[in-house]
Each structure stands twice: as C-alpha cells, then as structure tokens.
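We have chain E already, so just place chains S, A and W on it with the hints.
Protein chains in written order, with this note's numbering: chain E, 1 to 629; chain S, 1001 to 1101; chain A, 2001 to 2517; chain W, 3001 to 3176.
None of these hints come from the bench; they were simulated from the model. These numbers come from a predicted model, not from an experiment.
When the alpha-carbon atoms are kept at most 27 Å apart in a straight line, the in silico BS3-like pairs for lysine-lysine are as follows:
id, chain 1, residue 1, chain 2, residue 2
1, W, Lys3078, W, Lys3091
2, E, Lys560, E, Lys578
3, W, Lys3078, S, Lys1027
4, W, Lys3091, S, Lys1097
5, S, Lys1027, W, Lys3091
6, W, Lys3089, S, Lys1095
7, W, Lys3085, S, Lys1097
8, W, Lys3078, S, Lys1095
9, W, Lys3089, S, Lys1089
10, S, Lys1097, W, Lys3089
11, W, Lys3085, S, Lys1089
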Amino acid sequence: MNNLLWLIPVLPFAGFLILALAGKHLSRVWVALIGAGSVSLSAIIVPIIGIGFLSHPPATGNYSQTLWTWMQVGDFNPKITLFLDALSLVFVFVITFIGALIHIYSAGFMASDKDYSRFFACMNLFVFSMLLLVLADNLLLLYLGWEGVGLCSYLLIGFWYENPVNGYAARKAFIITRIGDTAMAIGLFVIFYQFGTLAIPDILTKAPVLWHQGASIATITALLLLAGGVGKSAQLPLQTWLPDAMAGPSPVSALIHAATMVTAGVYLISRMHIIFQLSPIAQMIVAVIGAATLFIAGFSALTQYDIKRVLAYSTISQIGYMFLALGVGAWAAAIFHFMIHAFFKALLFLAAGAVIEALHHEHNIFKMGGLKNKLPVIFWTFLIGSASLAALPLISAGFYSKDQILWYAWAAEGGNPLLWFIGLLGAFITAVYTTRMMILVFWGEAKTEIGHRPGKLMTVPLIVLAFFSLFAGFIELPHNFGHFRLFSDLLQQVLPETILKAGMNTELQFQILALLSTLGGIYLAYVFYYKQPQRIEKLKQSRFVMNLYLFWFSGWGFDKLYNTLIVKPIVFMANVNKNDVVDKLYQGVTFITIRLYQSLSFTQSGSLRWYIMGLVIGAIIILSMQIML
Amino acid sequence: MKSSIEIVMLLAGLLFVLGIAGVIIRKNIIFMLLSVEVMLNASGLAFVAAGSRWAQPDGQVMFIFILAMAAAEVSIGLALILQIYHQHKSLDIDKLKEMKG
Amino acid sequence: MILIYVIGILMGGGLLSLLLGQWNKNLPRWIALCTVLVGFIAFVFFWINQYHTINLRLTNTWMIDYRHDWIPSFGISFHLAIDGLSLLLLVLTFFLGILAVLCSWNDVKERVGFYYFNLLWILAGISGVFMAVDLFLFYFFWEVMLIPMYFLIGIWGSENRVYAAYKFFIFTQASGLLMLLAIIGLYFIHGRNTGVYTFNYFELLGTAIPPHIAFWLMLGFMIAFVVKLPIVPFHTWLPDAHSEAPTAGSLILAGLLLKTGAYGILRFVLPLFPEAAHDLAPWAMLFGVIGIIYGAILSYSQTDLKRLIAYTSVSHMGFVILGIFAFNELALQGVVMQLVTHAISTGALFIMAGMLKERLHTRNINHMGGLWTQMPQMGAIGMLFAMASLGLPGLGNFIAEFLILLGAFKANVLLTIMATIGLVFSAIYSLRIVQKVFLGPSERSDYISDFSFREIVVMAALTLSIVWLGLYPQPVINTVKLMVNKLAHIFPPENKNVQQENYQEIPLSTHKYLVKK
Amino acid sequence: MDIVFYITAFVTVISTIMVITRHNPVHALLYLIISLLSISVIFFLLGAPFAALLEIIIYAGAIMVLFIFVIMLLNLGKETARQEKEWLKPKVWIGPAILSAILFVELFYLITIADVAPYNLQTVDPKTVAISLFRPYLIGVELAAMLLMAGVVGAAHIGQHKKMILHRFLKEEGRL
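Chain E on its own, in the form it takes in the complex:
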C-alpha cells in the first residue's frame, strides 16, 4: 500500500496538467470528468492506504516514500519525500474526500461558466498543493505546498477576473499570507542552522535534545512558524484577507477558504508541536491569538449582510477555536475540530452557493427569505450545517468538537478561565449569528424570485456532507458521556496526549454552560430576528449601537488601520519616487556637464585672433610657472 502514496498527489496534478495544456480542446463533460475524477480517484486511494495503515501499523509509525532528492548542496539536502502518519492521514482524508465532493458539486455549479476547464485546472492544482503540504516530509517541501495553495487561492479568488475588485481581493489574500510565509521562511533558516536539516522527523527528534524547555530560541522559532500559520489561517493580526477572499466562486470558498487551506496553520503547528511544547510562551501566544480571533471574528460575523462574508468570519472564528485548542495543548481536539469544521463549513458554503445561484447571484441575506419550502434539500442541509456550526448539543458533530475545546480551554495544562470564558462567549455569538442567518435566509417572506434550482450533481455532495456533519462527531465522545476516543487514539501516535490540570473532574458543569450559551444564543437571535424584529429597529436608533455596528461590520477597523499605517505610506513613497531619486544624482552630473560645455563653447568664438591670444596667454602662464618654480 505504501507504494501507492505518490499517486495521491500525482493524480490531481495529472488532472491539472491535462486541463491546463489541453483544456481548450476538451468538451465540458471530459473536463468535469478529468477534474473531478482525478480527485475522486485520490479520494478512493486514501481509504485504501488508510485501512492498510490502521490495520497493519508500520513499525516506524509512518509511511514514507522518497521520490527523488530535490537538491543537494553541502549538508542541505531536502528530498521530495512523502510522509504519511496519523496526523497527515486525517488531513489527506479530509482534503481528498471533501475535495472530491466539492469537485463533483462544482461540475454542476460552474456548468454555465465560460472558463470551465481553467476552474478545474486550478482546483486540481490546489488539491495537489494541499496534499503536498500535508504529505511533505521536510519543511521545504511543505513550503512548496504552502505557497502552492497560496497561488491557487490567488488564482481562484480572482477567478472572475473581469471585475477588478476580485483581482484586488486575490492580491490582498496573496500578499497578506505572503507576509506570514516570509516569517515562516525565516523560521526555516533558524531551524536549519539549529538542526542542520529541514526534515520534520529529524527536527522533532533533535529539538528536545538540543533545546531545553523554555529556551528563547525555541520561542523565536515557534513564533516565526506561528506567523506563517497566522497568515495562512487568517488569524489575528493577518485575518483581513479572508472576508475579501469570498470574491471567488462558492466551491472555492468551501474548499480553500473554509475546509482545507486556511487550516494549514493548524496543521503546521500540530506538525511542529514539539517546538511549541518547548516554548510555553509561544504556546500561550497561540492560545491568545486564537481566543482573540474567535472573539473579534464572531462579532464581525454578527453584522455582515453578505451571506458568504458571514460564513467567512465564522471560519476565522472557528479556526480561532482550533488555535485556542492548540495553544492550550489540546492537540487532538484541535485536529478533531478541524475535521468536523471542514465538513460543516464546506457544507454551509456549498449550500450558500446553491442559494446564491438560485437567487440570481444575490449575496445579501436581507434580500433573501422564505426559502424553507422552495429549496427543501438546501434548507435541510443548511440547517444541519448551521446546527453543527452553532454546536447544537448532542445531535450535531460540532457540539462534540467544540465542547471538547471549551473544556480543555479551562482544564488543560495551558488552559485558563479567561480563555475559556472567551471561548464560551464565542460559542454564544456563533449561535446568535448562525440563527440570524438561518432565519433571514429561510424564514420570513420571499424577497427574491428563485431562478435556478440545483441539480443532482450539487445536491448529492450536500447530502453526503450533511451526513458527516451530523454523525462524524460520534467518533470522539466526552469523558463523561460514552468516553469514546477513536479519533484521539489515532492521533496519539503523533501528537501528545492532552494533560489535564489536577483535580478536574467536573466536565459536566462546563458542558451544561456550553449548552446553555448555545441555546441562549439561538433564543436571542430567534427573539430579535423572528419574533420581534422591531427591536432591531429600536436598537438602530442608538448612535452608539450604530457606531459599534459599523465598527464590527468593518472587521474591527483592521483594514483601515493597515491601510493608513502600512499600505498608504508605502504606496505614497513608491509613487513619489517613481522617477528614481538616485537617477536625479546622475542627471545632476549631466546637467553640470552640459552647463560647463555650454559656457566653454562660448570661448569657441570662431575668431582666429582670439585663439592666438589664448595661445599666447597659455604660453605666458606656462613660462611664468617655469620661472616661479
């Protein structure tokens, strides 16, 4: 089974190559077949390998397959090696499985787009890069995948390139993530000079030997890697690109900006967990960033009217939960939440895409409404997704994963009541905005006519994802409630077990609090948006509320802040210096030269007698010098 490993990334890549080179000449059916088929094949191979991996665990705990040596310079010899262990298995599974579903969905969703083959080419390239990212054996290969997904994200956000706004959103996404990537690259340099290698297994074995607990070098390294993760995962302070990234087609938002790429930061941190463990400060910072992000993004989500932006902010917020979990040392919980989140967020985006398409590309949730009966499949799947997002107790998968994180945020070693409280508040807000969105979109009266109903290609993936959003949570149940630990047992091979603080055996209280906050949130939204919408109008009267609303709506003013502090000065500087101030120096030299020769050419009067006079004067001067000296 080991030998098939290379097929997983190569299949989508082959799909990309075929579509990129010959996409023009292929019919739409073939394009869809190649595009979706290649990813689906990968998705089929993954369980085959996965079953082999689980049933006969290799002695080393991982499969690894070296394809070729990328380069060898002195001691620096990164190889193109694929590496599969429990952690990457989870990621590969999620990527290929959800990727395949989204590809199938896209075959229907994009059916009327003129750039059909370009879309699938980019999507395939994305799946390839993402797989490379999670299968990479060394950090350099990981970096290749890391930048590759950034490129694909760029290409797909700007997919409808005729509108310059999309192009700028794409550029913003790429550049902001690039800032993080740059920090990460510096992190790679530090790691290389510390360990003499970039191979992840070697680093992880050498790190505890060479560094002592709490070493400042460990903190620096961890923070640099974290910066990369923060950029890619749209966490504070580099979160501003993700809402704008919604300019891309909905399947793109589902696959890249919800399910997979944005969780690359989570993958990176859990992959390099040993370095983070060596630095409690860095880990603390991870948790704080996560908590702050989930808090800020939650409030922003509350105010958005574009359905995709609501979901985008909710994505930022949910990834904040994952960071929070990573930060407090609940490694498995973070990955678990990643998986569940991938299911329900992909589902939500796909369903939102279907709604948007049905309503003639209407994004504004205030112009939707009453879709409950008109689009039943969409309604039910969206409902399931929302339930999972809001962590509706017991029946939704999201509950199990989020509850675990909340519990660890208090109880795990790195946990602390404040983090827990913010998490709880976040859960409450999540419930509020999710319910708000549900009510505005599906209840009430219809404000826009339905044009186009989704076909089978689109509904089937929705149903499959809805199934997983409901039931995937049962593979990992809380201690006091079944205590079923399939998922964390699997990850135990790679990630350390979460250590609880002493004397924590009251998980039930926390579960009840979480439950209450969710239900409270749902009730609040129900009251404000369904029962008594006039209350909102009343609130809008208040200036303070309106200002707060605008502040949250703009994403806490981060865009404006960056614009005035960083973007504008640089652009101003660049434009002022457009003609290159250094060149002025040389122009000055030429100017002086020209002036000099102009004044000297005045002596060139054409009068022979003047010239002879000059000769005489010259002779006099030379002779006087002779006399003087």
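Structure of chains S, A and W alone, referenced to chain E:
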C-alpha cells in the same frame, strides 16, 4: 671667434614675439601670413644657433625642414587667401567667423 | 579548441549575415539561428559528456584550457578556459541566444544584416567574457559585448533610444575603464613582485598586494561589475536601457549582460582579493539588501511594463550580491542558480512585454488590462513567470532565493531578515503585473491574437527550463559544485561563526545573536 | 661678439617691426625681405653658410615672390592701405602688444638666467649638412618631399576658381 648663444636666442625670441604680435594685431590675412613667416624664421634662427653651438649639422637640417614646411604652408595659405578673397570680397579675418561654437 | 571555434563561428556568422544582409532580408536570421544553434548543441553535448566526470574531478576545476600567445612582450596571451560556472553560463548564453534570434524573427525589418551582426557579436563578446582567463583578453571581450549592444539599443530601440544607449554606454564604459586601471595596477604589482609581467589569471592569483592597494584595486573591479549587475545606486542605466531596447536586446541585457557582472565578481574579485572582499562583505551585503527593497518599491510604482520588469531585475540582482558576499557554499550555489533562473524568468517577462508591445503598441500597463480573455495562453504563461519572479516554490527562482537567503542567514542574520522581507515586495510587484495586464475588464474590442507557433516554441522552452530548475536543480548544482567549493574555501576561517561546519556549536552562537536582538 | 652681429640684429628687429606695422602690403613685404636677408647674414655669422644661402634663395627669393604674385592678383593697393589704417588703431593693438611684451620679458628672463659658457664658433659646411640629411634624416627628407607634394596638389586644387552659385538654396555648395 668666441661667441655667446644667449644673444642669438634673445634675438630669435624677440623676432618670434614680434611675429606673434603681428598675427594678433593685424586683421588682414596677408599680414597675418607674413607674421607667421616671421615666426617660422625666428624658430629657424633658434635651431641654427643651437646647431652652431654644438657644431653639429642637425640645426641646419631642422632649418631646412622648416623651410620646406614654410614653403608648403605658404603655397596652401596663399591659395586659400585667393579663394577667400573671391568668395567674400574681403580679407578681414573677423568676417570669417564661421566656426562659432 | 571548441571554445575558439565557438567564438569564431559567432563572429564569422555575424560578418556573414552583415554581408549577405545586403542581398537578402531573410538570410541573416537563418544564419544567426544556425550559428547559435551550433554553439548551443556543441556546449550541451560537451556538458553531457563532462557531466559524469564532473563529480570525479577533485582538484582541477578546469575542463578546457586553451592558450596561445598573443602579444608575448606584454605577457598577453589568448587564453581561454572554462570550468563548471563558465560552462553553465555558456549554455545559458546560447540558449538565450536562440531565443533572442527567434523573438526578433519578424520584429526587425530594417538593416536586418547589421542587426544580426550586432546580436551575434554581443553573444561572442559575452561568451568570450565567460571564457577568458587572461585579464587583458577579458577586458577586450568586455568591450566587445558593449559596443554592439550600444548599436542595438541606439538603432532598433523605441522612442527614447538614443538617450538610453548613451546612458548605457557611458555607465558601462566608465566603469569598465576603472577595471582596466585595476587590471593594469594588478599587472604591475605582480610584475614588480615576481619579475614576470603577465595578464594571466592563474599567475595573478595569489599575488601579494599591500592591503590598502588591494582594496582600491578590488574596488576598480568591483565597480565595473556592480554597475553591470547592477546594484543600487549604480542601477539607473538599467531601466532606461531595458525599456528602450528591442525585445532581443532586453532579453540579452537581462539574461546575459547582467550576469557578466556577477560572473566577474565570482571569477575575479573574490579569488584575486580575498581579504579585501572579506572586508567589503558587510557593506556589499547591505547594498544588496537596499537593492532588493529599493528595486522592488520602484518596480511597484512604474507604469511602463518594461521599466517595471527592469526594476525587478535590480531587486533580483540584490540577492546575487547578498549571496556572493555571504561566502558560503549554500549562498554561492544559490547565486549561480539565481543567475540562471533570473535570466530565464526575467527574459521570459521581457519577451512577453515585447509581444504585448507588438500587439498593443504600448508599454503602459494602464492601457492594458483584461487581456486574459483574448489571450489565455499568454495569460497563463505570464502568470507562471510572474510567480517565478516572486519566488514561488517549484520554480527555479525559489531554489535560488532560498539558497541565497539560507546561506546569507549564516553570515548575517539581520540583513537576511530584511532581504527576506523583500520577498513580500516581490509578491506585490509581480501580482501588479498580472493584475494590470491580464486581469480586470477588457479595454479593447479589437482582435488580439494569442501566441503564434514560433512564440509557443520560445515560451515552452523557457517554461520547461524554469520548472525543471525548480524541481530538479541538481545538474546545475553539481556542475558548479567544485568551483563553488573552491570559492567558499578561499576565505580565512578566522570567523568561527562563518566557517564552522559542526552544527553542535552553532546553536550557541546563533542563539546568542538572536537573544541580543 | 662681433659688432657686425649687433648691427644686423638691429636691422632685423627694425625691419620686422616695420613688417607688422605697415599699411601697404607691398611695403611690408619689402621690409620682410630685408629682415630675411639680415637673418641670412646672422646665419652666416653663426657658421651656417648653407642655411644662409637657402634663406636668401628660397625665402627671400621664392616664397616672397609668391606673396607678390598674390598681392598683384588681388590688386591690393591704396584702397587696402586705407583700410589697414582704419583697422590698425591703438585700441586694437595695445592689448596684444602688451601681451607680447610680457611674453618677451619672460623669454628674456629665461634665456638670460641660463648661464651658458661662451664657445668657439665652428663652421658647419654644406657637405656635413648634406650627409646628415641623407643619412640619419632620410626619412625626414622624404616626409618633407611628400609634404611639399601635398602642398603643390593642395594649392592647385584650392586655387581653382569656383563660380559662386547664386541660387539661394545652393549657395552653400559654391563655397569651399
């Protein structure tokens, strides 16, 4: 006969300076050419004097070369003067300022 | 002998096309194509032949050494030799030579014979520069490549060509004269020391020069090379020359002429004046970093497409100087990679700018936009090379920049971090190209054709090579390995941090440095 | 030194001054001939009889005749003299004269400070000159011959009388 070269050199220098003065003062090209002849002569004199000082023929050889040069120069110069006079109806050097930079 | 034949063929081909250009307009380009093809094939075969022995050579880095007396009384000989670096750059020269001929195939309509004469003579000069190991001969070739380039820009350039040609000529000529002075100075110092007056590189190596004189001599060489490279603040000729030159001219300028500067530093400055170079290193690296960021910012503000790309060259060449003066194997390998990959990626961008100019009759990116609709192929390739230019992993430039930064990190942490920030800026300007040219609403309704077959061949060759270099750069690395190793070991291991090979010790030192910050 | 020398030197200087101050070209020419003749006497005194003869034959003879021809050809007479008188005003000549005077003073100073011992004058006869001319200086002689040749050809070419073309656009063509 005892002799001193200084006085001859002084004479050559004086003639040379007079030639230069002629070239600068006069506006008529013919006079300028005449003054140039004076200058050439002065340098010839210096050569011959130097040759005689060391009792070597080289000074005279140089004088002969100067002579040849002067002959060529005069023939070309006079031909030019003829042309200039035909074209400009004047021999005023100041009217010929065409190479003004 | 292959070396002298190749130069002979180039010069002969140039003369032939000049003469036959009088009769027939088509003949010169075929002659030029055949000439460069012959050279390319010869060197590729030679490379393949040598490749398996490259790893076996342990001491002698030189593959061919041809020597013939030229002016024996001054110690000048016609001395050509190549090692891995020269070979690599020669292959690159002929590769780009082919592309240059191809991309001026229909471009040039007047004085065709003279055009190809100049083109081939530039290539001859560049090849000569890469081969010459006699300093006098080196200077000779250095000038040979300069003058035809002057004509190329001055005659076939666009509107402001005369100004650009002058500027190019004066900058490079003036700096070249400084080098000549330094060469002569070196010649006399060596002659006085040993009694043997010679321009032979091998004999001049290891000349004992008093430090303060060595510094000035090195500066003479350095300025010539740095102007060619170019490094801020000597870069201002580059945007003008690039934007006014014809497409093939820009291609050769960016792809090859700039490389001669880096080659000169690697071949002459470091081996001849190791101590002086060592003293200069922090400053050179600083200027490299300034160049990286300054070039990138300027590039962002340009509206002329070719000017924009020219400033990206400034930025990329900053990496080269940063890597060279890091003095370690990683960085030097990165530098060599950067030379090759920058030639390919920037060359491709210039070719594309030329194609756009041909179709749209403008270089102003504000007048472009939305071209993807009409030319998806060019859009895709343009995107690819913009990505290469911003250093996307998987493409050659990434390997180069990563190795340089990795190597430089060992030498100077702070400057490397600043240089790495340059990567963000490179993303900004590269994406601006894509955004302004290919994306956005289409401004034109008239038909614009996508690639022709000839253009597909050109771009495919470039694309394949940049991807190849990105995924399997080992052939290039192996070819220059010996030369780079030798260079990296020139420097006295006085500085433990720099030369230490044992990783056990490094954590402490790096650690200390980082903590201090 | 000989009294003869001083007299001749005096004559030379006076006649040269007359050359550069006369208004009538023919008068100036005559003074120049006197100057040349007296220089030839000085040559003779310096023991260079060959040079003295050449001075008389070629300079005073041949070259001066050329001048006379040209002056005749151009018909420079009273009109020119009047014009010269107009041109030669103190305002014009005082500056150059001062400059020349300074130059001469400098020359004078430089020549007199060089303390040269008196020497015995020896005659260098034409034979020695001829031997020297045709042995070590042969190349110079040939070059001088070529120069004269070029002078002849050049004079013949330049001296051709070209017609002034009166068309206003082509006026330039008619010039030299």
